[in-house]
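S.K.: Chain by chain, the residues run as shown.
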Amino acid sequence: MIVSFAINGENRSATVAGWESLLTVLRDDLGLAGSKNACEQGECGSCSVIIDGENVCSCLVMVGDLEGTSITTVEGVAVGDDLHPIQEAILEEGGVQCGFCTPGFVVSAAHLFENNPSPDEATIREAFSGNICRCTGYGALLRAFHKLSEDDS
Amino acid sequence: MTATTKERVVGGIGESTQRPDGVAKLTGNFAYGSDLWIDGMLWGATLRSPYAHAKLTKLDIAPAVTMSGVRVVLTQEDVPGRPGFGQVEQDQPVLCDGTARYWGEPVAIVAADDEETARAAVAAIVVEWEQLPAVTDADRARAAGENYRDMVIRRGDPDAAGTVVIEAEYETATQDQAPLGPEAGLAIPDGIGGLDLHVTSQWIHIDHIQIVACLGMEPDDVRCHPVGIGGAFGAREDISVHIHVAMLALRTGRPVRMVYDRTESFAGHVKRHAARMRYRHEADEDGRLVKVTVDLILDGGAYAHTSHAVLANAAFFTVGPYNCDNVVVDASVSRTNNPPAGAMRGFGAVQVCFAYESQMDRLAEALGLHPLEVRRRNALESGDPMATSGQIVEGSLPTSRVIDELETIPMPEEAIPDDPSLLPGGTGLTTPRSAVVRGVGYALGLKNLAFSEAFDDFSEVRLILTPVGLEIHTAAIEVGQGLVTICQQIARTVLDIEHIAWVGGDTSQIGSAGSTSASRQTQMTGGAVYEASVQLKARITERFGEGATLEEITADGPIEQWVRYRHPPTEEPDELGQGNPHAGFVVAAHRAVVDVDPELGLVRVVRVDTVQDVGKALNPQAIVGQLEGGIAQGVGFAIMEELILEEGVILNPTFTDYLIPTLLDTPDVQYRLIEEPAHWGPFGAKGIGESPTISSTPAVVAAIRAATGKPLTRVPVRPQDIVGV
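Heads up: the protein sequence lines correspond to chains A and B, in order. Counting from 122, one number per residue, gives the positions in the first sequence under my numbering. Counting from 51, one number per residue, gives the positions in the second sequence under my numbering.
Chain A on its own, in the form it takes in the complex:
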């Protein structure tokens, strides 16, 4: 089947099997490999994308259901050649190590701050409870999100 949707503001179509996951189609068919495949069970958040305003694991979404939707992936968070303030903050605080979880954190952060520009600590921790990082221990990421929250409040 052919599915058409907007990805990062651009209209795209893909010929897919309806049961394929969005993650597979993004990575294998649409050349958007920024979303990472680490568990395929919706546990680690490395494949997080925003679909019509909802933050979801793209490994759990059947692509056949996405006709006419608007999707933001990690590749669509930066503004042209400039990093998004979320990306700047993570970089400055040292929140990137191996980086495999990083796209998921960037997307989850974009979703959180879009809906709540100055979240408190409990809200931040809860918002990222579906994103696993194995390297950083989350400290630098937490500091980056606090900084963003304070900048906005």
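Keep in mind the hints are simulated off the structure, nothing from the lab. No false leads were slipped in.
Pairwise CB distance ranges (calculated): (1) Asp272/A / Ser484/B: 31 to 41 angstroms; (2) Thr190/A / Ile466/B: 43 to 53 angstroms; (3) Asn132/A / Pro727/B: 51 to 61 angstroms; (4) Pro238/A / Gln720/B: 20 to 30 angstroms; (5) Glu247/A / Asp189/B: 42 to 52 angstroms; (6) Gln720/B / Leu181/A: 29 to 39 angstroms; (7) Gly476/B / Ser239/A: 16 to 26 angstroms; (8) Asp186/A / Glu196/B: 50 to 60 angstroms; (9) Arg722/B / Ser250/A: 24 to 34 angstroms.
What the simulated footprint calls covered on chain A by chain B, stretch by stretch (three residues with Cβ under 8 angstroms from a Cβ of chain B suffice, anywhere in the stretch; the number is not a length): (10) 153-163; (11) 250-257.
Please read these numbers as outputs of a predicted model, since none were measured by experiment. Quick reminder that beta carbons are idealized off the backbone N, C-alpha and C, glycines included.
Following the hints, complete the assembly by docking chain B onto the known chain A.
M.R.: What follows is chain B alone, placed relative to chain A:
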């Protein structure tokens, strides 16, 4: 050079310079092993054993071979060269040799036009097994003499006796490195019989040796290339997809890609050794150790891998950072039908740290001393003999200072919180808040730096100075820890050049950098970059004097400087474990604060504070990343991370069932860094990749013990261990 014409360049040592791959990783543009792609490639897949021990009675690949889109199906008969691989013993068959010895052992491999077809072909292979009794108890294997290595350490008087005796048995379960990036490789035939292999690895040169032997090829015919790594923690020190994907590419003449899914990843890499440790500490009335007697056994699993070296670490660090004149250690690592064990952050030092620190706490309790006081009275310092090997500790080892500094970190101001989301179990807590108990625990840890026991440990670097700047050519693998950044900072500081490019060489272009493990790359490859930079600078100064520009210096072409850097030599210990097996040591201290729900057995780790012996902080921000990340893994091992094995089968090989700390589980961390320069390595820096993990686990368990009074002799601590059902 340029120093005389402008301000010193920024981004030198001591600064929290940002990592050069940060932007690519933040925008989704960084290529990991699992992102590799080339037009016309085939997809590989692996058939694995469903049993921990079984005889292969039928293997019929014909139904898979005849499927449309399947290009080749290979078994052990197709291995062109040496049948087995392994860093020390080559005892693991490339593919099942007729007997499967662990759950998930590779049996056959397939290359097909797409991923779905490859997996369908694996399912179509007809395979029948006759199950054999699985040896899953390391003690039984040891009794049967099935050991990869036995070690004996005898120091001092075996008949010495103390007035206070503390005796207990401890157990640590199997932990998985669980790096987020899966095992992945892309093999590309070069058209003239050779092969380029791009593969997730911590040490491409040790892979290369094993790969060419099993392929029966000349070393020059195979080139291993570094790729982007999504974490490692020891899981990538041994072979996974490497030989398989190469065999498929050679047989088909096509590029082949192979990427493990999560369950395959759990099956397809080595684990942290499970351990059983029987300890007897004898001390005098002041709490000074008189004798330590240890019997320990590690479960090495089905194949040897790095078990020999892991056992040595466990045995040499049985006493920890403490003085003791009389030591008796009997240690073995056994062959079982559990998943093969190997390297994981801390490498044998983690398991014994849990045991010896539990012992030190019990000793303190028996004598009515503060836990840190008993440690202070026994602190091993520079110039003291190691309790086990007798090796005199050379270079810095600020054990007393890490204890003293730990006490200066303020305790959490807040009492047990009222907010239910901050209590053990979160909002699901059913116990009244008044029943929640807080506990505080302490632990110290000791680790060796770099490789030991006379291993010829080196790292090669080639610097090339061009009109643009400096290139660092090396095979050292950046797994996320920040090695690239630090090497750039070192070269920048010595040479005062701003533009430093990292060129990851393949195995044909540059010699070995050794493994990204053993807390060694900052000192080893960092040391090589430092030495090469110093030599390059001396040559330039001699020829051009001070103040010449890059353009002037390179007017006749690029200038190269090659270095093979070694740390001070180590020795093979004698048959009683005596000698000088280690190149240096690092010590750390942790203090954990936990809130425990004693009715449900739930734990919230509130804080883990630490003091770390870093030698010299080359990049403070990168160090903090290691501290916090290492602590998260230590907390995970203390309270949640365990591969559950039943008859050798992993019951929880997914992220749904193997729990890793999330942001809701991870404590705040406060830290102090002690800068007493190491006796070798760049600017006195010490590797700190492992020490943050090692003593965080026993500190958390000590805190739970303090809160509950339970003995807790096993990690991870499970709810039932706290509740006592």
